[in-house]
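A.B. asks: Sequence:
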Amino acid sequence: MRKIIVLAFVTLDGVMQAPGGPGEDDSGNFKYGGWTVPYFDDSLGNVMVEQMGRPFDLLLGRKTFEIFAAYWPHHEDEGAGINKAIKYVASNTLATHGWNKSVFLSGDVVKEIKKLKQQEGRELHVHGSGNLIQTLLEHDLADEFWLKIVPVTLGVGKRLFDKGTIPASYTLAESKSLPSGVIIANFKRAGEVKTGSF
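In terms of the numbering used here, the sequence shown has 196 at position 195, counting the first letter as 1, and numbering is strictly consecutive.
Where hints are given, some of them may not hold.
Label-pair ranges, simulated between beta-carbon atoms [unchecked claim]:
| hint | residue 1 | residue 2 | range |
| --- | --- | --- | --- |
| 1 | Gly99 | Ser198 | 50 to 60 Å |
| 2 | Gly99 | Gly197 | 53 to 63 Å |
| 3 | Lys4 | Ser28 | 22 to 32 Å |
| 4 | Ser198 | Gly46 | 43 to 53 Å |
To be clear, the hints were calculated from the coordinates, so they are not data collected in a lab. For every residue, glycine included, the Cβ atom is placed at its ideal position computed from N, Cα and C.
Taking the hints into account, I'd like the entire structure generated from these sequences.
C.D. replies: Here it is as structure tokens:
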């Protein structure tokens, strides 16, 4: 069975929209694109190299796929893993693309993702893809979250745990803080929410 792992940059108040730069995703009149850039130092770069240095395929929403497809095929030296990965794309509007190893999931996307999870194969990494993540959360399909928590608040923007979020518990599998103040926190799904009283 394949794991689905969400790799996300997130603010202290849970925003994940447009971490990489202005214009990446301006929807909702978002004005803070590139909020991770002041914190992206060698330490954070090393974390990304480590996380993306293991074998993986990609599971992406259409918008993130189009952003990736405009960049990574032209940067083989930086993105060998991304270019070699099979790109599974959830889209009902895009069915073909010239980027090698691109597979499009249409129709009942949840059913198609469940089929993917049941197969033997590499981990499925999700980057960006805010709408797809809400679908994964709603149907309890995300196995792990590898978060880079950046010490800023934005107050507005698309949130990682938004309308798709269901009650769920997680185990902290790994954590560390970087000199920039970024916290690396990897969580694994750990069953139902338990409650109690004091």
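A.B. asks: Confirm or reject each hint.
C.D. replies: Checked hints:
1. Under the hint 50 to 60 Å, the C-beta atoms of Gly99 and Ser198, about 58 Å apart, fit the expected range.
2. Gly99 and Gly197 have their C-beta atoms about 55 Å apart, which keeps the hinted 53 to 63 Å range intact.
3. Checking the proposed 22 to 32 Å range against Lys4 and Ser28 shows it holds: the Cβ atoms sit about 29 Å from each other.
4. For Ser198 and Gly46, the Cβ-Cβ distance of about 45 Å falls inside the hinted range of 43 to 53 Å, so the restraint holds.
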